[in-house]
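Engineer: I would like the entire structure built from these sequences, with the hints used as guidance.
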Amino acid sequence: MRQRLLVAGLVFVCLAASALALYTFRLDAELRARFDGVRWALPAQIYAAPLDIYAGRRLSPNDVVHELRRLGYRARDTVERPGTYALRGDSLELASRGFQFWDGTEPARQVSIGFGDGGIRGITGPAGNQVPIMRLDPMLIGSIFPKHGEDRVLVRLEDVPPLLLDTLIAVEDGDFYSHYGIDWSGIARAAWANLQAGGVVQGGSTITQQLIKNFFLSSERTWIRKAKEALMAVLLEIHYSKEEILEAYLNEVYLGQDGPRAVHGFGLASVFYFGKPLGELLPEEVALLVGIVKGPSYYNPRRNPQRALSRRNLVIERMAGDGLISEPEASQAADASLGVRARGDRGTSQYPAYVDLVRRQLQAQYREEDLTSEGLRIFTAFDPRVQAAAERAIREGLDAIEQGRKIEAGTLEAAAVVTSVETGEILALVGGRQAGYAGFNRSLDAKRPIGSLAKPLVYLAALSKPDRYRLTTLLPDAPVRLEMPNGTVWMPENYDRELHGDVPIFEALSKSYNLATVQLALGVGMQDVARQYVLLGDDTKPAPLPSLALGAVERSPLEVAQLYNSIGAGGFVTPLQAIRDVQDRMGQPLERYGRKLRGGPDAGAIALLQWAMNRVMIDGTARSAARYLQPGALAGKTGTTDELRDSWFAGFGSDVQATVWVGRDDNKPAGLTGASGALQLWARLMASLDPRPLDLYGAGAEPTWVVPAADALADTACMDRLLVPYLPGSAPVEWAPCARQSEQGQDNSFWERLFGS
Amino acid sequence: MKYFVTSLLLGLLLSGCGSLRQQGQNEPVWPYPEPPVVEDDGRYHRGSRSREQTAPDTTTSDTKPFGTRPWGGPAQPLPEEPEAVPSFSGPKNLRDDAGPAAIALADQAAALRNQGDLQGAAAQLERALRIEPRNAFLWLLLGQIHLEQADTDQARQMAHRARSLASGNPYVLGPAWRIAEAAWRAEGDAAQAEDAARSAEQAELSQT
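Protein chains in written order, with this note's numbering: chain Y, 1 to 757; chain X, 1 to 208.
Calculated from the structure, these hints are not laboratory results.
Accuracy of the hints is not assured; some may be wrong.
As the list claims (entries may be wrong) - With the C-beta cut set under 7 Å, the calculated list includes, among others, these residues of chain Y facing chain X:
no., residue
1, G56
2, R58
3, P132
4, I133
5, Y593
6, R595
To be verified - Some chain X residues well away from chain Y (every beta-carbon gap over 10 Å; in silico):
no., residue
7, G120
8, A122
9, E126
10, R134
11, G188
12, D189
13, A191
14, D195
15, S199
16, S206
17, T208
In this text the structure is predicted, and so the values were computed from the model without any measurement.
By construction, the Cβ of each residue, glycine as well, lies at the ideal position given by its N, Cα and C atoms.
Structural biologist: Below, the structure is given as structure tokens:
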């Protein structure tokens, strides 16, 4: 009997031992599978365009310093460490960070940038050498992480400052380098503390155990889980070096929450809280990050600054106590403020409209899980300075309009798209009045009738037939009555409900006369008008109905920007794009979105159209823009839709195009014309961008003095004369009645050449 | 054929880029920076005056400028009307026409191209074009890269863009038509290629 019991007991022990062994074996396999292929879900990171710095660029010291601050550079007396600068008069000392771009490595540099003559005079290296061009590291503007997902910036152990490692180990796991995954003395200390406190107040977990917990287990505090955690920690220590474990921990540990985004790892935490890379942290900043590990929510420095501060100073004391920093350093650090940046330096929160556009373009090519986990690095054309200007123009412009016109505050909405005319790159995107809030992205999704913004395409169709139309061809601004196929009668009217008689083509456009435009469109043919949309890069050809001439076609601000950018680009169409390059997580190039050109409308016709659209600014519907800027050589067009629901303006200089929409989300009348609404915002925006002028008599057009109302040649005897461009062989040949056609006219033209009028 | 055009073009466009053309001897290698020329619009003024006196002897065969040799084949005698051709005094290559930043980037592009990294070269040239979007020589270089990438459509478009910015400069028009010619030829369109070749020859006659 006793023997049988003994045998049974032995069998049981054997079974239990082998079960435990088996379980350990399985755990081990699971652990190694997870750890060997340690691939964190790395959200795609989206970067702004880097700031190119070179002699001759029109940038003020303030512009550069502004950008440096955005990138988290610090002003210092001595500029040695990367990420610091000093502005001394018109010379900027700068220690830049290096960066691995898609097209090569930009080294960290120590330079002196000289300013003068309204721009950068030169860049001098440490040896007195001239640097022809350099670029700053690009700003992270967002990442594409899964809903309620983890976000992180991976760091390698050798890139982590020693002070951070030493402090972390001192605070979290003093015996890290000597224990085998479990720290018995630590557990004893914790148990004693817990016993004294009558509850769990101290963890006693090693860094290894914390890593296991973060990796595999839920945060419930049960004894079973504790045992499993301890077993796995020992297994982990058997297989992997201390360095590997520490590096994994640094990238895995949870350090904060940004809305739906979980901030993991010290690399991201450094950017999230201080707006700069890990390597540039000051002692007090290191102390705060290490302090947060204990409870990212409880010690949230933004929400609970007082708690965070005392926790940080506790860590600073520990640093000094362990001799990691000197006493004077410690007291200096303890006196420093928390230094945490306002929220949303990164993440998706600051530029949601642009990040949204980038994500949509990527979704066409990549699987969602690749975007949220493969650590792609996306380089875009986003220009933070242009974006700031656009957001400010919209905010201040809408406030001013609502106040000035007694419109209920906060009812107007707006969107803006700014593009580079020459490159077709999208520089900035504003999706709504509160640009920092994700939500309805009006720049992409508000498809509204474009009204008179459609008119330039009618005139382009006409001017592309120089044998039939020139800028001064006279159009009848006369009633139109069209019976439609469905039996209804279409009778458009002018905005002022008046008839203007015979008007030159360019004036019909600049004053935005509906009737003359419809007459012209019918003369040209609606098919031809519709074809201009395709020629200018629009994706869908609109139906060739007569109402198309007056803009009965719905487009988003981005789609309008494509049309107007193409007009600005002078005959070459570049599909608008936001993304320049995509790299994989190792920095290897995956895909480049190179410059693409397409033949567009005739360059000559475009040049004439640009001239006419400049008249819109000079003495047409947009002349009020002169309040904000010199409209001299800019071009644009107002757009207004039925019952003043939509207010549009789109226009350009030779380098930059902007499209602005103003209206209401409920599609009720906003009470604004294109000129009283969108134009006001556009002009504010363009004034701060300082666009370069257009060449108004380019592409082989011949400037000729004419009397527009007579469509005839003029000389100095004519009062109402204007210098109008004509394509070769298409200028008027008749003289206007006012012209004397005498030698005196020639004398005068000689005089004028000298005088420059 | 394609490689011949290619090397001639790059020789012309990137002339002076140390990474492409070695200047081993003392004998002059074409082309030299042109003397500064100020036109009404003030655009052409970057040439250096210092080497104005050392124009190369255009008759010795080895140092003969590419520009006076008809493209796409061995040297042929020039048609006999030199006086009818106005001498051109604008920029003849990138170095005459671009600022130091764009030149530095074009040099990097040349180095990358030498390593066989055409994508990288294109990226550098696009960066240069962001700085000087209206520099016809940069467009030509980018067009040439597209040609080497067998993207004939884009090569032709870029050459077209360069022509639209040429303001009659035969040193832009000539190579631009040669790129177009090579692109048409690569696509097997002999007639279009011949047309382009004729336009190129026309432009090259004006190169002095």
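Engineer: For each hint, tell me whether it holds in the structure or not.
Structural biologist: Structure-based check of all given hints:
no.	hint	verdict
1	G56	holds, 6 Å
2	R58	violated, 12 Å
3	P132	holds, 4 Å
4	I133	holds, 4 Å
5	Y593	violated, 10 Å
6	R595	holds, 5 Å
7	G120	violated, 5 Å
8	A122	violated, 6 Å
9	E126	violated, 5 Å
10	R134	violated, 8 Å
11	G188	holds, 21 Å
12	D189	holds, 16 Å
13	A191	holds, 19 Å
14	D195	holds, 17 Å
15	S199	holds, 17 Å
16	S206	holds, 18 Å
17	T208	holds, 24 Å
When held up to the earlier numbered hints, the structure conflicts with 2, 5, 7, 8, 9 and 10 and fits the remainder.
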